[in-house]
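Sequences listed follow chains A and B, in order.
In terms of this note's numbering, the first sequence has 89 at position 89, counting the first letter as 1, and numbering is strictly consecutive.
In terms of this note's numbering, the second sequence has 5 at position 5, counting the first letter as 1, and numbering is strictly consecutive.
In short, the hints are calculated from the structure, not lab data.
Please note: incorrect hints may appear among the correct ones.
As the list claims (entries may be wrong) - The list that follows gives simulated cross-link-like pairs (lysine-lysine, BS3-like), each with its CA atoms no further than 30 angstroms apart:
{"hint": "1", "chain 1": "A", "residue 1": "93", "chain 2": "B", "residue 2": "35"}
{"hint": "2", "chain 1": "A", "residue 1": "19", "chain 2": "B", "residue 2": "35"}
{"hint": "3", "chain 1": "B", "residue 1": "3", "chain 2": "A", "residue 2": "169"}
{"hint": "4", "chain 1": "A", "residue 1": "132", "chain 2": "B", "residue 2": "15"}
{"hint": "5", "chain 1": "B", "residue 1": "15", "chain 2": "A", "residue 2": "137"}
{"hint": "6", "chain 1": "B", "residue 1": "35", "chain 2": "A", "residue 2": "169"}
{"hint": "7", "chain 1": "A", "residue 1": "3", "chain 2": "B", "residue 2": "13"}
Bear in mind the structure is a predicted one, so any value in this text is a computation, not a measurement.
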Amino acid sequence: MSKPTIRTAIADDLPFILKIERRAAAAFADIGYPDIATGAEMPVALFEAGLQEGLLWVASDAADRPVAYVLAAIIDGIFYLEDISVDPDHQRKGLGDALVAQIIDHARFLYCSALVLSTLEAAPWSNALYRKHGFLKADMDRLPSAIADRFAAETELGLPAEGRIVMVKRL
Amino acid sequence: MAKGYWIARVDVKDKDLYQQYATAIAGPLTKYGAKFLTRGGAYEAVEGVSRSRNVTIEFPSYENALACYRSDEYQAAISLRQSAADSELVILEGYDGPQHGDPA
Numbered sequence: 001m002s003k004p005t006i007r008t009a010i011a012d013d014l015p016f017i018l019k020i021e022r023r024a025a026a027a028f029a030d031i032g033y034p035d036i037a038t039g040a041e042m043p044v045a046l047f048e049a050g051l052q053e054g055l056l057w058v059a060s061d062a063a064d065r066p067v068a069y070v071l072a073a074i075i076d077g078i079f080y081l082e083d084i085s086v087d088p089d090h091q092r093k094g095l096g097d098a099l100v101a102q103i104i105d106h107a108r109f110l111y112c113s114a115l116v117l118s119t120l121e122a123a124p125w126s127n128a129l130y131r132k133h134g135f136l137k138a139d140m141d142r143l144p145s146a147i148a149d150r151f152a153a154e155t156e157l158g159l160p161a162e163g164r165i166v167m168v169k170r171l
Numbered sequence: 001m002a003k004g005y006w007i008a009r010v011d012v013k014d015k016d017l018y019q020q021y022a023t024a025i026a027g028p029l030t031k032y033g034a035k036f037l038t039r040g041g042a043y044e045a046v047e048g049v050s051r052s053r054n055v056t057i058e059f060p061s062y063e064n065a066l067a068c069y070r071s072d073e074y075q076a077a078i079s080l081r082q083s084a085a086d087s088e089l090v091i092l093e094g095y096d097g098p099q100h101g102d103p104a
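Assemble the whole structure, with the sequences as input and the hints as a guide.
Next up, the structure:
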């Protein structure tokens, strides 16, 4: 399999990214979270901030159209994976793997102390992918306050508090 | 047309400020078509004095490389880098001429 093309996103990618987000979210219905599948979309402002700060990457197809993306933010020196989605027609091609590798490289480039994300423990794709890259389940009672605040904000946006975990990779 | 390049050598003193700088310049770098050729990879200082980070960024042209540096967005971020790191930056024009080994 050829190496996926990963590049920083540009403004023209946004409509594709928003479409991928919706299409990929549908998979949550299959693991018992129908509200995520049909719930509120990710705020566009988060993607726009990622564009501006160079913290939004896409994997693109042969025509350079995005088919997967990863969005990150820097919170108190911690590199935070906001969202990662692969279009259902392009899954199982190593795109998620390549995008996670990209953000690990970028977090190191930015001298971040750790990489953090939240995910649903029941999501089969996340445990395998994130553990492969060295992420470990965090103790929810010992999260840095900025990460605990972000977790709470995501819960307010509609993500479930139950069954959602935080994973950490120290750099 | 020959491409343009930034070559920066950096010793970071304040990681938080450097993160702010790196995210602040992403906008102008994208706008002027920048591509990182080297950034945080391995290096070996075989002669002279080196710094811990050596970054090479390619632009579509020398003019773009200069325009990016002179843009309001980049100029607004320079003080962050100067506070975050000891560094040098040179902007240079690429070479489009013949190379050793080219067919005669």
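For each hint, the structure was consulted:
1. A hinted pair counts as satisfied when its Cα atoms are at most 30 angstroms apart, and residue 93 (chain A) with residue 35 (chain B) qualifies at roughly 25 angstroms.
2. Proximity of residue 19 (chain A) to residue 35 (chain B) is assessed by CA-CA distance (about 27 angstroms); at most 30 angstroms being required, the pair is judged to hold.
3. Restraint check: the Cα-Cα separation between residue 3 (chain B) and residue 169 (chain A) comes to about 38 angstroms, which exceeds 30 angstroms; the hinted pair is violated.
4. Between the alpha carbons of residue 132 (chain A) and residue 15 (chain B) the distance comes to roughly 27 angstroms, so the proposed pair stays at or under 30 angstroms and holds.
5. Annotation: proposed proximity of residue 15 (chain B) to residue 137 (chain A) holds, straight-line Cα distance about 26 angstroms (limit 30 angstroms).
6. The hinted pair formed by residue 35 (chain B) and residue 169 (chain A) meets the criterion: a straight-line CA distance of about 27 angstroms does not exceed 30 angstroms.
7. A C-alpha spacing of about 36 angstroms is found between residue 3 (chain A) and residue 13 (chain B), which places the hinted pair above 30 angstroms, so the restraint is violated.
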